[in-house]
Amino acid sequence: MAGIKNSWKKFIEEENSSAAKTNRHGMKILYEKELSDHLNSIRFRILFLLLAVIMFIALYGAIGSISSAAQSTDAKTAAAATSEFIFLKLFTTSGSNIYSFSTFIAFLGPLVGIMLGFDAINEEMAQGTLNRLAAQPIYRDTIINAKFLAGATAVAIMIFSIGGIAAGFSMVATGLIPTGEQIARLVIYLLLATVYICLWLAWAEFFSVVCRHAATAALACVAIWLVLTLFQSLIASGIASLVYPLTGANAQMNMLNNYQTQMAWNRVSPYYLFSEITSILMNPNVHSTNVISIMESQEGAVASYLTLGQSMLQIVPHIITMIAVAVVGFAAAYISFMRKEIRA
Amino acid sequence: MSRAYAKPIIRTSGLSKNYGDVQAVKKLNLEIYPGEIFGLLGPNGAGKTTTTLMLLGLTDPTSGHAAIDGKDCTRNSLAVKNEVGYLPDKVGFYPSVTGRENLIFSGMMNGLAREEAAQRADELMERVGIAYAGDRKAGTYSRGMRQRLGIADVLMKKPKIIIMDEPTSGIDPQGTRELTKLIRELADKDGLTILISSHDLYQIQAISDRVGIFVKGKMIACGRIDELGAQLRSEGLYIFDFKVERNGENIWTDAFQKSIRSIPGVKLIGKKVDGSIHVEANRDMQKELVRLLADQDYVIREMHQSGGDLEEIYRRYFEQAEKEGGENSGSSKDGKQRRFGRNKEQLEKIH
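Line order of the protein sequences matches chains A and B.
For the record, in the first sequence the residue sitting at position 101 is 100 according to numbering that gives the first Met the number 0, with numbers rising by one throughout.
For the record, in the second sequence the residue sitting at position 265 is 264 according to numbering that gives the first Met the number 0, with numbers rising by one throughout.
Read the hints as simulated data drawn from the structure, not as lab findings.
It cannot be assumed that every hint is accurate.
As the list claims (entries may be wrong) - Capping the alpha-carbon separation at 25 Å, the derived lysine-lysine pairs in BS3-like fashion look like this:
(1) A:Lys32 / B:Lys157
(2) A:Lys27 / B:Lys157
(3) B:Lys89 / A:Lys20
(4) B:Lys157 / A:Lys20
(5) A:Lys339 / B:Lys157
(6) A:Lys339 / B:Lys26
(7) A:Lys339 / B:Lys25
My request is simple: use the sequences and hints to build the entire structure.
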């Protein structure tokens with residue numbers, strides 16, 4: 000107990016030392032500068048505009064397909080379309096020839112993270128400002144901490160304003176009023192979308208430390224993004240059928256293992272993780288992300304809604320994994336930055 | 000001098016830095032006193048920048064210590080960075096904001112309020128002579144303007160000490176003169192201690208109170224320029240440059256060269272591009288030289304003895320360092336031969 004007390008005292012002392020205060024002040028100034036740089040950059044405006052346009056188109060498509068389904072003569076389709084959580088459905092339903100809002104976020108979100116982070120350090124180095132910045136009275140890690148925090152704030156601002164506009168637009172366009180639970184689910188969804196994008200921001204900053212040229216860093220990030228979002232499912236199914244072939248004598252026996260292997264490999268990709276989070280969170284009718292979900296749909300389970308708490312329980316592993324990958328990315332960026340030679 | 004009694008403000012002891020197998024800085028012991036301009040002179044890759052980075056705590060030394068104003072540069076780098084302004088080689092600014100905004104940002108990083116920083120930025124830009132460009136984007140600045148802005152930037156934090164890395168490289172002569180004057184003023188009027196590293200010996204000679212010559216990570220000589228000159232002469236290098244005439248004929252003949260070489264102690268003779276003759280000897284043979292020239296009916300137009308200026312010192316110490324390097328790999332005789340060979344080569348280049 001005394002040990003804890005002492006170390007707490009020491010911690011407080013260190014935090015109140017003049018060096019720590021100077022450093023905190025520098026951190027604040029640098030954070031403000033980085034954030035205003037982000038918000039004023041052409042890059043940020045283009046991304047914002049792009050997401051806003053896509054959001055309107057996606058919502059327009061969703062409204063169209065839901066209203067046509069609701070007017071359907073088939074009672075089952077109509078009932079499904081006009082469920083209790085129809086407001087959330089606007090975000091996950093795709094139009095006749097356009098993806099849904101949530102698919103766009105999952106697909107293009109990483110691009111936002113990459114665009115805001117890929118030149119964080121190497122650009123400073125190229126323009127010769129890094130050693131000048133490092134000579135200011137701040138600790139070295141303050142530079143990368145402030146940059147990441149500013150990037151994360153910019154991402155949060157972007158996602159929450161796009162999400163807010165989307166919610167407002169759908170309320171006006173459809174006349175639907177979201178319930179408290181739907182609002183909570185939407186807010187949690189936007190929060191997790193921010194975490195998902197920050198994961199990519201962290202890795203982009205890692206590459207910005209490691210690669211000397213911003214273009215190299217950007218290409219490396221985009222390559223990884225393409226592989227993980229577009230090709231990971233192919234890789235996963237390839238590996239699964241290699242290990243548990245679905246042809247030959249053991250085909251029936253291998254079915255479950257094959258499915259689970261494929262699933263595990265798919266989950267390597269943050270894109271897949273986030274897609275699962277989206278489907279659980281935005282559709283309370285989805286009960287599980289594992290093999291049970293297929294069985295249910297085949298066996299005709301009773302349509303019942305999970306409560307928000309139960310839905311969250313389903314995606315806790317996903318959230319933890321995403322945060323862990325983001326933390327590992329930032330740690331990699333942090334360590335390589337601390338070991339980097341500052342000289343130009 | 001009162002300086003001799005003052006406590007050094009920058010002090011390093013046994014400071015070393017290795018990059019893998021390469022020793023960038025070898026056991027550096029340095030003392031710099033308040034209010035002086037210390038020139039760190041050495042060729043590229045001698046370890047000057049590494050030394051300055053270690054002083055700022057931006058690179059950790061492999062062994063040894065450095066302290067500025069009694070604060071350890073590695074452990075207490077924040078306090079050091081509070082007092083020391085650093086003007087890096089090829090200083091850069093955020094290109095998309097104005098020069099003034101760049102300065103204000105630096106000021107705010109150092110704890111000034113925005114208004115205070117803006118006021119100080121205006122004053123300093125006036126002082127370094129770029130007030131006219133304060134509202135232009137820093138990306139449009141020329142090299143010389145960036146360097147001036149760099150000095151203003153360093154002064155934003157009201158430093159006690161300024162460390163400058165190649166402050167005038169790549170700047171035209173006029174700009175160099177003005178910058179030199181400005182830097183000199185900072186030491187004389189504001190009482191700042193300044194450490195300048197450069198490979199340009201004229202720059203260092205024009206500006207420094209004391210000089211340290213740095214070769215291959217080692218400081219091979221340190222002291223006031225006149226002290227270094229005296230040190231050199233006592234080691235026996237006498238250099239004469241003279242111009243002679245005889246009836247308008249070409250004086251640079253084999254016979255002429257032979258007769259000069261016949262003076263005991265002459266090691267080297269050569270002809271410079273302006274027609275003057277360059278003689279190096281290991282003893283003072285001025286009288287014999289003049290007598291010999293007079294005997295042969297030459298008219299001496301001008302003659303001066305050098306050896307005390309930094310160029311000689313610089314070259315001399317470089318040669319010594321090279322020779323030492325040569326001794327490590329081969330016999331000392333080889334090193335000596337190479338040294339003379341190099342001298343000739345240099346003179347031929349001047350031709």
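Here is what the structure says about each hint:
Restraint check for Lys32 (chain A) and Lys157 (chain B): satisfied, since their Cα atoms lie roughly 22 Å apart, inside the 25 Å limit. Restraint check for Lys27 (chain A) and Lys157 (chain B): the C-alpha separation of about 21 Å stays at or below 25 Å, so the hint holds. Among the hinted pairs, Lys89 (chain B) with Lys20 (chain A) is inconsistent with the structure: their alpha-carbon atoms are about 31 Å apart, more than 25 Å. Using a Cα cut-off of 25 Å, the hinted pair Lys157 (chain B) and Lys20 (chain A) holds, with the two alpha carbons roughly 19 Å apart.
For the suggested pair Lys339 (chain A) and Lys157 (chain B), the alpha carbons sit about 28 Å apart, so the restraint of at most 25 Å is broken. The suggested pairing of Lys339 (chain A) with Lys26 (chain B) holds, with an alpha-carbon distance near 23 Å, which does not exceed 25 Å. Between the alpha carbons of Lys339 (chain A) and Lys25 (chain B) the distance comes to roughly 22 Å, so the proposed pair stays at or under 25 Å and holds.
Comparing the model with each numbered hint stated earlier shows that hints 3, 5 do not hold.
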